[in-house]
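Asks: If you read the sequences in order, they're chains A and B.
Position one of the first sequence corresponds to residue 1 (this note's numbering), numbered consecutively onward.
Position one of the second sequence corresponds to residue 1001 (this note's numbering), numbered consecutively onward.
Keep in mind that the hints were calculated from the coordinates and are not lab data.
Here are some of the chain B residues that sit facing chain A, going by a computed Cβ distance under 7 Å:
(1) ARG1049
(2) LEU1054
(3) GLU1078
(4) TYR1090
Just so you know, even glycine gets a beta-carbon here, dropped at the ideal spot from N, CA and C.
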Amino acid sequence: MIADLRTMMWKEWNELLLQQGGVRSGLLPMLILPLGIMGVFLPWQMGRAWVESPLTPALWAWLPLMLTASLVADSFAGERERHTLETLLASRLPDRAILFGKMCAVVGYGWGLTLLSVLIGLVTVNLIYGRGELLLYSPPLTATIIALSLLGAWLSASAGVLVSLRAATVRQAQQVLMITIMLLLFGPVYGLQALPDAWRARLAGWLTAGGPAKPVIVVMALLTVIDLTLTVLAAARFQRARLTLS
Amino acid sequence: MTKAAVRTEGLVRDFGTVRAVDRLSLEIPAGIIFGFLGPNGSGKTTTIRLLLGLLEPTEGRAEVLGFDTRTGGDAIRERCGALLEHAGLYERFSAEENLELYGRIWRLPATGRRARIGELLTHLGLWERRRERVGNWSRGMKQKLAVARALLHRPGLIFLDEPTAGLDPIAATALRDDLAALARREGVTVFLTTHNLVEAEKLCAQVGVIREGKLLAAGHPDELRARAGGPQAQVIGRGFSEGMLALLRARAEVAAATVQNGHLLIDLKGEAEIAPIVNLLVSSGAQVEEVRKGKASLEDVFLTLTGGEG
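Sequences and hints are given; from them, build the entire structure.
Replies: And the structure:
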């Protein structure tokens, strides 16, 4: 199973790099642009706040979603459009290797690139604003960034694969996925605003009662439940016969 | 007794109210090239999907290399290769990368994989262009590469769904020759769907004819030709009267005699000689310019069985 997952990831990453017409032209938008913005430009603009602000984890949870949305939409819908899906289904690869191989490739790319951006951002902040002092995220903030960015990448992969399995075209998959991500991101915000003031105050009181870590833990727990649910749904949706006829 | 590579018993597949495969019973011995002939939409591709375990049959059963398609889909796909309706190549990859991917999928060891890729690409005349992106290739070259991919892991059985469809005659002939040579060398059983009857006649040890999901006939091409009728004579000339046709029909060695487009067509029984018939025609006043005698072609058989649907 591990070897099959590795094979699928090898295929997905190679396709991703070659998607823009070649390794060089593919690398620029896929790697250099996000690293340039998140690793150099924004840390340079924000200064010390880049490592000290408690809101930073929200940015790192959001980044993998944005990085991988278009990539994951292509996972099944793209193979279907390019007529490569049926040959892949006719191979010896087990269902789970195909499905989870594609998801792991997305998670690996989104999470890996986010962590690389975090590191480059730290180097940038230290080079420009360090002045002999080592500027680092606090250990709890580091753990939160690592966990939240992983959950964000996983959310994109599971939601994206589920949408891509059902979509007739890549464009349709991308549109549905963007709407889904917007709903997942802004739905809770608007949902909270819609609550009566008394309920909102009670919720805020409950969240802050256990210290500053509690809201983060609640968000992570919620994301884990959503990610797991979407993954189970995608696994149930992945049926060779249905995909062969789609 | 020869071991069967494929055996189906009353195989049925419905899509809603449409019956795509209708009580198909087949037995294909191992090591041969089997041609599955039929017009478009006759159920050939659905049959391949059923045999690969990609679709579940509605009724009946099928065994491929000894595995039931309902329960042994994974084992079947492990042991088979396939070139389906579309070549299924990753067009952004080079030829080498496409084969590398499927070599990894079939878990060929790295050194053996490279050697096998080299061997197949060389045999198919693609070695020099192995690093080119497949998206820029001609359809004929893509089909060749897809055949190489199907054979990469030395499967016991390969399914080829109309491999020469859409190719120009030169590319089709080249692919056919490569296919025959590879199948011979590798000792693989080939399940080939086609509506190219010349292809079937040249390549296949056995053929089956399917129409509207039903198997109309199966056997060696010679058997099918014999079933379609004995030898036929075509007489080109003038003056073929109704009286003359009646005289011909009265003869024991003549099964049928008709005039079509001014030519006299005579269906003969067994290995009847044509000379006495020509003598009769000439003595009855016909002017004979040319006489051709031959067996029914597989095309005649196909057209007879499918009612002329191509």
